[in-house]
Amino acid sequence: MTAVTEYLGKNVRQYGIWGALVAIVILFEILTNGLLLMPNNVASLVQQNAYVMILAIGMVMVIVAGHIDLSVGSVVAFIGGLVAIMMDKWSLPWIVAVLLGLVIGALVGAWQGYWVAYVGIPAFIVTLAGMLIFKGLAIVLVGTTIAGLPPGFNAISNGYLPNSFGFMAGRDVVTVTIGLLALLGLVYSQARARRTLRKHDLAVEPFPAFVGKLVLFALLLGYLTWLLSGSNGMPIVLIIVGVLIVAYTFVLGRTVFGRHVYAIGGNLNAAIMSGVNTRRVNFGVFVNIGVLAAVAAIVTTSRAGAAVAAAGDSYELDAIAACFIGGTAVTGGVGKVSGAMIGALIMGVLNMGLSIMSVDPSWQKAIKGLVLLLAVAFDLLNKRRAGTS
Amino acid sequence: MSTENTILEMRGITKLFPGVKALQDVTLSVTRGEVHAICGENGAGKSTLMNVLSGVYPHGTYEGDILFENEPCEFKTIRDSEHRGIVIIHQELALSPFLSIAENIFLGNEQSTRGVIDWNKTNAEAARLLARVGLSELPDTKIKDIGIGKQQLVEIAKALSKRVKLLILDEPTAALNDEDSAHLLDLVRSLKGQGITSIIISHKLNEIAAIADRTTVIRDGKTIETLDMHGAEPVTEERIIRPMVGRSLDDRFPEREPNIGAEVLRIEDWTVHHPIDQGRKVVDGASISVRKGEVIGLAGLMGAGRTEFAMSVFGRTYGANASGKVFKDGEEIHTRTVGEAIGHGIAYATEDRKRYGLNLIEDIKRNITSAALGKLSRRGVVDREEEVLVAERYRKELNIKAPTVEALVGKLSGGNQQKVVLSKWIFADPDVLILDEPTRGIDVGAKFEIYTIINALADAGKAVIFISSELPELLGMCDRIYTLSQGRVTGQLPRAEATQESLMLLMTKEKEGTPR
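Heads up: the sequence lines are chains A and B, in that order. Heads up, the first sequence is in our numbering, so the first residue is 1 and it goes up one at a time. Heads up, the second sequence is in our numbering, so the first residue is 390 and it goes up one at a time.
Isolated chain A (complex conformation) (with noise of 0.2 Å):
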């Protein structure tokens, strides 16, 4: 057991995370009187905070790489214009719109791209132009309102998937079997790690932590099996969302280009001496988080069932929150998805559960700055009393 609190110790901040999520959703548990975890608020958790999630994907390799991107708010407005007026004014068909929406998203990252990586203006200026930019174009394109989108499209981020196995005990089979197989594929893929590990000597958690850490991942994604396929079943955004952390985690960790992200973040100069073409993953990370701020961009307009001009404001923000929260260093060359992942939830339940609370916005923005800012400083604190900073 000693093994355990050691470890435990060494990696507070690895873990520290996870305390705090759990914290906070116990906290907001207990002064929303049980609310907070009610099954149509954990699935509307999910699609209302699903653009901070895809947009964390994409900030984090921003920051990993050493730059930042203020102009995802405005991007997701302006794109989310534009596929609306794809659909409402030229009536193209929904899944169309949704396809050129990634390809202007690609657009929109190339241009950014282009002037970060191959003009070499700081990508804090480049996006604060964007941000400008973009925003205004899409005020411009979208006046006020665009409404009366098709159902089709509303459905991404407010259907679910449908019932087409019916049901066992009252429970949705299709969630249920996506929740299993999640759950089989999360406890191979750690114990494959885990053996690769162990081959080769090297360092791996204790027994009893690693076992313990697997069970409360098992309870958590049970939990919300049960309670999602007891109600209206598996949004469609989870789906979407699921699939983009498990293929971003794997580019960042085992991806050439994901190595070539955290060699230019740790050491620039040095990834140059070492061949890698810092200018072309520059521009693919800009390329990438353009994307991402589409897929945003369809996830809200599709929420609200109609663009607004007025969408996607400081969304930029939550997102970079989100991961510095998780661990994301601030000057770049260390974060990792999942990490970023946690932020993103410790920012949606805080949204929730204030929300649920009823307090006033304006208090909201205040205590999740203020949230920020403790993360942080905990993991600078941290750091300096491990003598690594």
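One thing to keep in mind: the hints can contain errors.
Here chain A is said to cover these stretches of chain B; the calculated rule only asks that three of the stretch's residues, wherever they fall, bring their Cβ under 8 Å from a Cβ of chain A [claimed, not checked]:
| # | segment |
| --- | --- |
| 1 | 722–731 |
| 2 | 736–748 |
| 3 | 756–770 |
| 4 | 773–780 |
Below 30 Å or equal to it, Euclidean Cα-Cα: the simulated DSSO-like pairs (lysine-lysine) are [claimed, not checked]:
| # | chain 1 | residue 1 | chain 2 | residue 2 |
| --- | --- | --- | --- | --- |
| 5 | B | Lys717 | B | Lys681 |
| 6 | A | Lys383 | B | Lys410 |
| 7 | B | Lys764 | A | Lys199 |
| 8 | B | Lys785 | B | Lys410 |
| 9 | B | Lys465 | B | Lys611 |
| 10 | B | Lys581 | B | Lys551 |
| 11 | A | Lys336 | B | Lys800 |
| 12 | B | Lys717 | B | Lys764 |
| 13 | B | Lys554 | B | Lys593 |
| 14 | A | Lys199 | B | Lys790 |
| 15 | B | Lys531 | B | Lys743 |
| 16 | B | Lys670 | B | Lys898 |
| 17 | A | Lys199 | B | Lys800 |
| 18 | A | Lys383 | B | Lys790 |
| 19 | A | Lys383 | B | Lys800 |
| 20 | B | Lys764 | B | Lys743 |
| 21 | A | Lys383 | B | Lys465 |
| 22 | B | Lys714 | B | Lys681 |
| 23 | A | Lys213 | B | Lys800 |
| 24 | B | Lys510 | B | Lys551 |
| 25 | B | Lys785 | A | Lys199 |
| 26 | B | Lys410 | B | Lys465 |
| 27 | B | Lys800 | B | Lys743 |
| 28 | A | Lys336 | B | Lys743 |
| 29 | A | Lys383 | B | Lys743 |
| 30 | B | Lys790 | A | Lys336 |
| 31 | A | Lys336 | B | Lys764 |
What the hints contain is simulated information worked out from the structure, not anything from laboratory work. Here a beta-carbon is modelled for each residue, glycine too, at the ideal position from N, C-alpha and C.
Fit chain B to the supplied structure of chain A, relying on the hints for placement.
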């Protein structure tokens, strides 16, 4: 032990870090007016001892007593020790590049009346101090506009402004060329004449032999012995090295039977201009060649353009308007990007490993594989298991001291970091390896290991270009040595004909007909 003439007495100093006993019952006694050298391998505890003395580690965080001018000292901060006249000049200079010399000298000690700076006094005082250290620069010259050798002198002027009695110099000549080093040592001698005591920490044993009155050797956090440099028996470098490493190094360079093949790389008429001052040629029509299995040396004083030459050939990573031709195995190639250079089998291991060589916040394995990730990946996906095996292989082969290959590179010692840099380039499997100061700032034992690795590379048929400021190292390791001066190749000598004197003569050869 303490006498009238003892200025500093450190007794029974023990300093603990979590898990490490950095200093253990260290004793140091410095006589007034002497130059006292401290020697020891990296990690022996030299810097820790000086940090204890200067108050970087405040009183109470260590055990033992410090007596300065026969009074006990309990320094809480660096300011406390400076008030007593103890000033430490660190290896990494603490000057602000965009401020003037005068502003730097009086940084934190501004010449002011009621908070308003008296510029006349500042500049006049600075000029007086500059004259004392032998600098003719104007006090309002910006630090970034003077060379590193002169910056070192500004640091000493700054120390003089604090009425220094005991000057501590931590590796003062590590970054200086021979000329600047000689000037600095002369200055230390002249300060000695003015009654200022110096403690000098250095890896350069010939300098210590030249300047020190006494030398204290520290090993593994303990005082081993103090040598009197003016005693009956002359103190040789070998004599100093013996207590440092605890064993005698009869042969400081491993033997190699050269097996030299066909020419691998030839560079012809290479010219590079300064990146900012583009009218200035940093490398001027340089031509060199290297053959299979051969180790060639590039010798030159600081500013000769050795690093600039190598970096501009390696993917134009230095300078502007590079011109000249590069031939690999007899065919002309282009090396306009690092990727291209690596593609043609050229590797460059930098002299500045922390800045250009390593990602310090990553682990050993990811650093080792960073230049050749393509060898470990299929369709852009890295085989992490293979990566561990590769890293593990190099950890064993090159004897990188770390618990696992997942240890962060930033926490390794200089010698082990250098081995990671070498592993990285060996894994990239180049035909030509350019090694720029591969043994800079690492201890004697690790140096020997690096030499052995270089010999093994040559034996394996690699062509090695060895850039070094230490002439004995080039003489001990290279088959052929080129000399550079002011960006030009001024000569090449085969190993048998080269001596320190003959090399130095070529290294200081001026350009003909230059107005400067």
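Within a Cα-Cα threshold of 30 Å, do Lys213 of chain A and Lys800 of chain B meet the stated pairing? holds, 29 Å
- Mind checking the alpha carbons of Lys554 of chain B and Lys593 of chain B for me, to see if they're no more than 30 Å apart? Distance ~24 Å between Lys554 of chain B and Lys593 of chain B Cα, so the pair holds.
Restraint status (C-alpha distance of Lys714 of chain B to Lys681 of chain B at most 30 Å):
holds, 19 Å
Lys199 of chain A and Lys800 of chain B were given as a pair; does the straight-line alpha-carbon distance stay at or below 30 Å? holds, 25 Å
When you check the alpha-carbon spacing of Lys383 of chain A and Lys465 of chain B, does it fall within 30 Å?
holds, 24 Å
For this session: Starting from Lys764 of chain B, check that the Cα of Lys199 of chain A is at most 30 Å away, please.
Result: holds, 22 Å
Note to self: Checking one constraint from the list: CA of Lys670 of chain B to CA of Lys898 of chain B, max 30 Å. Satisfied?
What the structure shows: holds, 17 Å
With the threshold set at 30 Å, check whether the alpha-carbon distance from Lys336 of chain A to Lys764 of chain B stays at or below it. holds, 25 Å
Original post:
Has the given pair, Lys383 of chain A with Lys743 of chain B, been kept, meaning a C-alpha gap of at most 30 Å?
Top reply: The hint holds at about 21 Å.
**Asked** Taken at face value, is the distance from the CA of Lys611 of chain B to the CA of Lys465 of chain B at most 30 Å?
**Response** holds, 24 Å
>> Check whether the Cα positions of Lys410 of chain B and Lys465 of chain B lie no farther apart than 30 Å.
In response: holds, 21 Å
**Request:** Mind checking the alpha carbons of Lys531 of chain B and Lys743 of chain B for me, to see if they're no more than 30 Å apart?
**Result:** Holds, at about 26 Å.
When each numbered hint is compared with the structure, no violation occurs for any of them.
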